[in-house]
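Under UniProt numbering, the first residue of the sequence shown carries the number 1, and numbering increases by one thereafter.
Hints in this document: simulated from the structure, not taken from any laboratory.
This structure is a prediction, so every number in the text was calculated from the model and none was measured.
Below are the DSS-like pairs computed for lysine-lysine, each with C-alpha atoms no more than 27 Å apart in a straight line: (1) LYS7 / LYS20; (2) LYS7 / LYS21; (3) LYS7 / LYS19.
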Amino acid sequence: MIGQVQKPLEEILEYLEGKKKIVIVGCGGCATIFHTGAGANRS
1 MIGQVQKPLE
11 EILEYLEGKK
21 KIVIVGCGGC
31 ATIFHTGAGA
41 NRS
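Could you build all of it, start to finish, from the sequences and the hints given here?
Laid out in structure tokens, this is it:
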């Protein structure tokens, strides 16, 4: 079983602090099924 929990934005921003470049990669399969990916939040 695959489960996902959306991280709080503050926690993500802490990970990115001091970084100049980032790469975001994902297939969207599980996130789409569990409604935790960008597709669920996109307007």
